[in-house]
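Given only the sequences and the hints, what does the whole structure look like? Please build it.
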Amino acid sequence: MIPTQFEYVAAKSLDEALSLLGKHKDDAKLLAGGHSLIPAMKLRLAQPQVLIDISRIKDLSYIREEKGQVRIGSMTTHYQIESSDLLRRICPLLPETATHLGDVQVRNKGTIGGSLAHSDPAADWPAAVLALDAEIVVAGPKGERAIKADKFFVDLLTTALEQGEILREVRFNTPQGTVGQSYVKVRHPASGFAVVGVAVNLSVNGGKCQSAGVGITGVAPKAYRASGVEKALQGNALDAKTLSVAAAHASDGVDANTDLFASGEYRRHLAEVYTRRALGTAVSRAK
Amino acid sequence: MAENYVGKRVKRTEDPRLIQGLAHYVDDIKLPDTLHAVFLRSIYAHARIKSVDTSAAAKVPGVVAVYTGKDVSAKIGPVPCAGALPDLKTPDHRVLATNKVYFVGHPIAVVVAENRYAAKDAADLIQVDYEELPVALDEEKATQPGSPVIHEQFGTNVAYKLTAGEGDIEAALKSADKVIKQRILNQRLAPIAMEPRGVLVRYYPGEQELTMWTSTQIPHLARTQIALMLGFPENKFRLIAPEVGGGFGSKLNVYAEEALLGWIAMQLNRPVKWIESRRENIQATIHGRGQTGYLEIGYKKDGTITGLRYNVFADLGSYFQLLTPAIPTLTGLMLSGCYKIPAIQINVTGVFTNKMATDAYRGAGRPEATYVVERALDLVAADMGKDPVEVRRKNFPAPSEFPFKTATGLFYDSGNYEGALKKALDISGYHKLRDEQAKARKEGRLIGIGVSTYVEICALGPSQAMPAGGWESATVRIEPTGKVTVLTGASPHGQGQETSFAQLAADQLGVHINDVTVIHGDTSIVQYGIGTFGSRATAVGGTAVWYAIEKLKEKANKIAHHLLEAGEGKVTFKDGKFSVEAPKVKAASVPEPVLPAAGMAPGASLPDPEPHGKHVSLQDVALAAHLAKSLPQDMEPGLSATYFFEPKNFTFPFGTHIAVVEIDRETGEIHFQRYVAVDDCGKVINPMLVDGQVQGGIVQALGQALFEEVVYDDQGQLVSGTLMDYAVPRASNIPWMELDRTETPTDVNPMGVKGVGEAGTIGATPAIVAAVVDALSPLGVRHLDMPIKPETVWRIIGKNKTGAA
Ligand SMILES: Cc1cc2nc3c(=O)[nH]c(=O)nc-3n(C[C@H](O)[C@H](O)[C@H](O)COP(=O)(O)OP(=O)(O)OC[C@H]3O[C@@H](n4cnc5c(N)ncnc54)[C@H](O)[C@@H]3O)c2cc1C
Chain R
1 MIPTQFEYVA AKSLDEALSL LGKHKDDAKL LAGGHSLIPA MKLRLAQPQV
51 LIDISRIKDL SYIREEKGQV RIGSMTTHYQ IESSDLLRRI CPLLPETATH
101 LGDVQVRNKG TIGGSLAHSD PAADWPAAVL ALDAEIVVAG PKGERAIKAD
151 KFFVDLLTTA LEQGEILREV RFNTPQGTVG QSYVKVRHPA SGFAVVGVAV
201 NLSVNGGKCQ SAGVGITGVA PKAYRASGVE KALQGNALDA KTLSVAAAHA
251 SDGVDANTDL FASGEYRRHL AEVYTRRALG TAVSRAK
Chain G
1 MAENYVGKRV KRTEDPRLIQ GLAHYVDDIK LPDTLHAVFL RSIYAHARIK
51 SVDTSAAAKV PGVVAVYTGK DVSAKIGPVP CAGALPDLKT PDHRVLATNK
101 VYFVGHPIAV VVAENRYAAK DAADLIQVDY EELPVALDEE KATQPGSPVI
151 HEQFGTNVAY KLTAGEGDIE AALKSADKVI KQRILNQRLA PIAMEPRGVL
201 VRYYPGEQEL TMWTSTQIPH LARTQIALML GFPENKFRLI APEVGGGFGS
251 KLNVYAEEAL LGWIAMQLNR PVKWIESRRE NIQATIHGRG QTGYLEIGYK
301 KDGTITGLRY NVFADLGSYF QLLTPAIPTL TGLMLSGCYK IPAIQINVTG
351 VFTNKMATDA YRGAGRPEAT YVVERALDLV AADMGKDPVE VRRKNFPAPS
401 EFPFKTATGL FYDSGNYEGA LKKALDISGY HKLRDEQAKA RKEGRLIGIG
451 VSTYVEICAL GPSQAMPAGG WESATVRIEP TGKVTVLTGA SPHGQGQETS
501 FAQLAADQLG VHINDVTVIH GDTSIVQYGI GTFGSRATAV GGTAVWYAIE
551 KLKEKANKIA HHLLEAGEGK VTFKDGKFSV EAPKVKAASV PEPVLPAAGM
601 APGASLPDPE PHGKHVSLQD VALAAHLAKS LPQDMEPGLS ATYFFEPKNF
651 TFPFGTHIAV VEIDRETGEI HFQRYVAVDD CGKVINPMLV DGQVQGGIVQ
701 ALGQALFEEV VYDDQGQLVS GTLMDYAVPR ASNIPWMELD RTETPTDVNP
751 MGVKGVGEAG TIGATPAIVA AVVDALSPLG VRHLDMPIKP ETVWRIIGKN
801 KTGAA
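So the protein lines, in turn, are chains R and G. Take the first sequence: its letters are residues 1 to 287, numbered as in the working numbering. Take the second sequence: its letters are residues 1 to 805, numbered as in the working numbering.
Please keep in mind that the hints were generated in silico from the structure rather than gathered at the bench. Hints are not guaranteed to be accurate.
Simulated pairs of lysine-lysine, DSSO-like, Cα-Cα distance not exceeding 30 Å [unchecked claim]: (1) K340/G / K241/R; (2) K29/R / K59/G; (3) K241/R / K422/G; (4) K442/G / K241/R; (5) K42/R / K439/G; (6) K42/R / K30/G; (7) K422/G / K340/G; (8) K181/G / K394/G.
Right, dumping it as structure tokens:
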């Protein structure tokens, strides 16, 4: 790893990080788990002059449920989510997603906040937070704001985060009633990132779909909510027919990515098949 | 000889240091005052260099020197190529480009600085003014008129043409009832050793001593070649291959960076280190395979093969590395596979392209050949509507037909192809599998069974057939304390010979394995040797150890005879002890050991001393040999022996691999159900090491069959240039492997060992491809090109929606 020269500062609090960010502006980059940023620096694709390490800020690492909401601090690692008993109980989608993410080393260091802020088009977390209809809470010089997940991902590697802002928390309503969730993923044979990743969060009542959240990653320049799929499920009996009709909308209106492994056309096809399979698994778990 | 160790699953003595991170690779060796080198490499596949401006780079704090092609080209000889072929056009390959660059990654300049950071910063500031030139990339198109020519002086991109084989091929194909033709691709692969290349050089001007640590498979050959490139005396040049983290052929080479670093160290009188990045590794370390060929195979109605012709374009890349042009000739040699084919012809066209050179990658020309022959047999079977196993059987030579002469001019030493096949069929339950497949097909499932019966050429090889000697050397010493030191000229780098040679020595000398140390890789310690490649280290290097020990035992026996005052009595050696058979001599005056005897590790399992009769231990003899107070008259003191073993032939291991896959009809994804491999590598010294070699080989074969491909775009940009794009198989992609063996010894060496380092990559690729093709055969598929990606399969299924479903 031969990056360009940089200074390193470990922030002790969110306020300190915000003020450092205000001071260094574009010259600085926040450092979370470093598992997206450091590879980019090693190839000199990113050349920050100052690294502000926020991964040691204790207040940014937590998983808790309060007043019907799940709150996850942005510096919570993939592994902490994977191994959280609380989440396994009330929102197994997140631990399941984490198991698909990278390898043990990556999961030990990488953070959910870093992943969401980076917004890699093939990252796993974006699909899950979209399916959960989560809010992304960001702190900035002017205070805090909450951004709906489907407004947060703007484009390839681009989010609604503004200069000087720090992603502080991910929060969403605790899934209620009979819930069925699942995350399925076709791993890219080289990178291990998602060729297609589908996250499903269903709530079921009397065999019918009460609400559906479906987030898809890997297919398009940014992860997206498959609203066509969700609509086709809403209020309907969750039988095989409904699922396949719904899955057919998996890539409605998106511009699919092409790489050495899979063309856009094939990705769309995989999106449909794996959406159907993810829905099937989620339905089978809704008990 | 007692077999306490040979044949047993002895754990690798290398592993504790490797898995604890205690081993020393090049980058772990730190010398005070070391400078660090970073290379500036071409960003174009083909361009004229109009100018190189290094002035800004030279000013970066910490930079000590910047060199370009102009500075060094006249001072360092060309990068060597040992492949001598008739009418070969060999480009002048200098360590840095001067006038033109020929591939993305071609080194143009080197920055030397106090640390890697400064060196890299400075390299980023070098200004190269390029004039882009049109590129020649495809090995077939590059031979056609109108193609850009890479080396203007040749006026063509054809480096050589070669025809080989015996028998009247025209007549053979004419006499066939049917001739099948198929275009066959063997895509370019990157070897991806876990440790990239790395070089550290130190020069002591007072002693005029040059020491180079480099990650290589061939320390001695590299030393000779680099000494010649530098015009430096070989006997003052020490080259050390420390721990080497895999090579797979990519380090069976001599690279520009090695010689250049040697030269720089002598210019600056300071140690210099260069560690290759993974990007550089994929750009500028040799690639393998890269062949596009046209197969014709003729057969009779009963399935007998009459002849095989293969016209192949070999993608050589833009320059030659050590063996570049020679690799396709190995393909030609192995085109008979394990079949009786009366007439074979190969026509090779070696072609320059604007890419990195191809060279030896695990299997080196043989996987290509095996793939061609095995695909050919499958095509014949499919065409006849026969089971691929039957067509193979029809054309096997019987065990009694060995040594078996092929129409490619080889003599296969020994073989029992039916034996390995039958065992693999039994283990897999082949006939039951076929029944299950038939049933599954009726349900619309796509299940495929692929069989490959392969033979390979190993133990490279007789010196007549090799560019730089095909022998191997060993020195075995018993130290005064009785400890055994084995110096092998082979340079193992992950294969485990530190363990297997110790097993061998321990059994032959009747000592505990912990009392044997195997040393390799240092040209100042180890006598000249050839190296580890071509599945030769055990068959040739191990045999050298075997003979050295026999020689040593002869001397030890004479000393023992003297010590035991055995007179007319015969002294025999067993379990580490020399004893007199005739008990009539007077009591022996064995000298009291003044040094501690060999420390026996706890649990050592040597038998109790013989209750009666007189004996001396090997340790006693060793001590006596070194004290030299009581030796037979005129005997040299010391107890060591050196042997250079020259094999009289190659060896030809073989086996059968069977892959079973199921294809996801909806997505085209390929899932393994079974993988069975029965390999015959002759006598086995350590079954665990053999299993490891086979497993690793199968994994790399699987990579070629399903995942890996070095891809250059139409501008010659390397688009598979990182491990985010170049897909090596991961643990989760690998099937459970059911491994077994048959054991057909060779008479090429006294131990009967054949070699196994490359068997997996040779035998497995065609089995996996055949399984996928077989799964899709109800849709009319007869052949698919590698790597077979799910999307390709999905498209085939899509086109056939109305087919079998
Ligand atoms: C080998 C490997 C395999 C991987 N496989 C996968 C995979 O399968 N799936 C997957 O989803 N990911 C994968 N990743 C990426 C991994 O999940 C990263 O950890 C994650 O994308 C980034 O999180 P991080 O904490 O490491 O962030 P960093 O790398 O530290 O930061 C990423 C970017 O976000 C910014 N940033 C970080 N935190 C904040 C914040 N709180 N507010 C604002 N901006 C912030 C940083 O400045 C930087 O630009 C892999 C990574 C590696 C190295």
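Hint check results:
Restraint check for K340/G and K241/R: not satisfied, since their Cα atoms lie roughly 57 Å apart, outside the 30 Å limit. The suggested pairing of K29/R with K59/G holds, with an alpha-carbon distance near 28 Å, which does not exceed 30 Å. Proximity of K241/R to K422/G is assessed by CA-CA distance (about 48 Å); at most 30 Å being required, the pair is judged violated. Taken as a hint, the K442/G and K241/R pair is honoured in the structure, with Cα atoms around 25 Å apart against an allowance of 30 Å.
Of the pairs offered as hints, the one joining K42/R and K439/G is violated, with about 53 Å between alpha carbons and a cut-off of 30 Å exceeded. Under the criterion of a C-alpha separation no larger than 30 Å, the hint pairing K42/R with K30/G is consistent with the structure, at around 22 Å. This hinted pair checks out: K422/G and K340/G have alpha carbons roughly 19 Å apart, not beyond 30 Å. Taking the CA atoms of K181/G and K394/G, the gap is near 20 Å; set against the 30 Å cutoff, the hint holds.
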